[in-house]
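Enquirer: Sequence:
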Amino acid sequence: MPRDTTVVCRYFANGFCTQGDRCTFLHDRNSPADLVCRYYQRGSCQYGSACRYDHIRPKQSDGANLTNGTVPSSKPSTLLPKPVKLPKPGLNTDAAEFIPSWKRSSPGTSYAVAAGAIENEGASLPLCPYFEMGECNNDPCQFVHGLVCDMCSRACIHPYDEKQQKQHFAECLQKHEMAMEQAFAEAKSIDKCCGICMENIMEKALRFGILEGCRHCFCLDCIREWRRNQTFETDVVRSCPECRQHSNFVIPSTLWVEDEDEKRILCEVYRNNMAQKQCKYYKVRVSAEGCPFGNKCFYKHQLPDGSIDPGEEPHARKKPFLADFIFNR
Numbered sequence: 001m002p003r004d005t006t007v008v009c010r011y012f013a014n015g016f017c018t019q020g021d022r023c024t025f026l027h028d029r030n031s032p033a034d035l036v037c038r039y040y041q042r043g044s045c046q047y048g049s050a051c052r053y054d055h056i057r058p059k060q061s062d063g064a065n066l067t068n069g070t071v072p073s074s075k076p077s078t079l080l081p082k083p084v085k086l087p088k089p090g091l092n093t094d095a096a097e098f099i100p101s102w103k104r105s106s107p108g109t110s111y112a113v114a115a116g117a118i119e120n121e122g123a124s125l126p127l128c129p130y131f132e133m134g135e136c137n138n139d140p141c142q143f144v145h146g147l148v149c150d151m152c153s154r155a156c157i158h159p160y161d162e163k164q165q166k167q168h169f170a171e172c173l174q175k176h177e178m179a180m181e182q183a184f185a186e187a188k189s190i191d192k193c194c195g196i197c198m199e200n201i202m203e204k205a206l207r208f209g210i211l212e213g214c215r216h217c218f219c220l221d222c223i224r225e226w227r228r229n230q231t232f233e234t235d236v237v238r239s240c241p242e243c244r245q246h247s248n249f250v251i252p253s254t255l256w257v258e259d260e261d262e263k264r265i266l267c268e269v270y271r272n273n274m275a276q277k278q279c280k281y282y283k284v285r286v287s288a289e290g291c292p293f294g295n296k297c298f299y300k301h302q303l304p305d306g307s308i309d310p311g312e313e314p315h316a317r318k319k320p321f322l323a324d325f326i327f328n329r
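Counting in full-length UniProt numbering, the sequence shown runs from 1 upward without gaps.
Just so you know, the hints here were simulated from the structure itself, not pulled from any lab data.
Each statement offered as a hint is correct.
DSSO-like cross-link-like pairs, simulated, lysine-lysine; straight-line CA separation at most 30 angstroms:
no.	residue 1	residue 2
1	263	204
2	280	300
3	263	296
4	204	192
5	175	188
6	300	277
7	283	296
8	263	280
9	175	192
10	263	277
11	204	188
12	263	192
13	175	204
14	283	300
15	296	280
16	163	175
17	277	296
18	188	263
19	263	300
20	175	263
All values derive from a computational prediction rather than experimental measurement.
Throw the hints in and build the complete structure from the sequences for me.
Expert: Set out below in structure tokens:
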């Protein structure tokens, strides 16, 4: 790159020219270094007394050269630059009318609209799971910190989502009512004793055997043992040991149920659960005699092909005799 041989590079003379061979000024170590601060001569040096260059006022004859940013040469300059003529400031008749900013009309929003916009934006953010458990250490947090529910004492209510608030209140109220019913049922069951073994059922961590036909209390093991007794007739063992009221089945329960409506619901739930289980007479293969309970059986009579056997009435079923096979051939 061609160099300007008339002007010495002041950065090279001071030992820190970053342009190297690309510099357009003269790199000559024998040339005297220019240590005059050009910014001081222009009146704008920010380093003051800490500047590494010399603060020397320019001479009157060097003013034209200093304005161009060059060092004055030994020869006086014969050609001076022509002064630039700037247009005089005037008024523009075509300019737009000036309106102060405080007079400009802007489509302002009311407080209700602004608050609604904030709520709509916050409703899309999820609740902070750590704050719900009381362990959020982020400040500020990128999630929404929920409000504390009065019933469950958890910070799980979204402050900006009205639908979530109603849903949580309904679910929390339902859980609260179920917990209250559970507490009342436990209170009614805590003093109940078995009518056969005379033991406190709750203290022994046993289950109740609820009879559908009466209100007498028995533990499940004792009433099942009573109904398996073969020394008495079927009508006797299928009845209550105290009042002789017949019951078709015994319902296992962890709590004591005495109310008629509650017992009816318990019986329906028990029978629906039993209907989902396969009858033991149909598990491996269909017995020749079939299920002795017939269509009164609570279990599912499913055939190998997947169909359901409706069964017969228990009184219509009888044991086959050898003569039936001989004469029916």
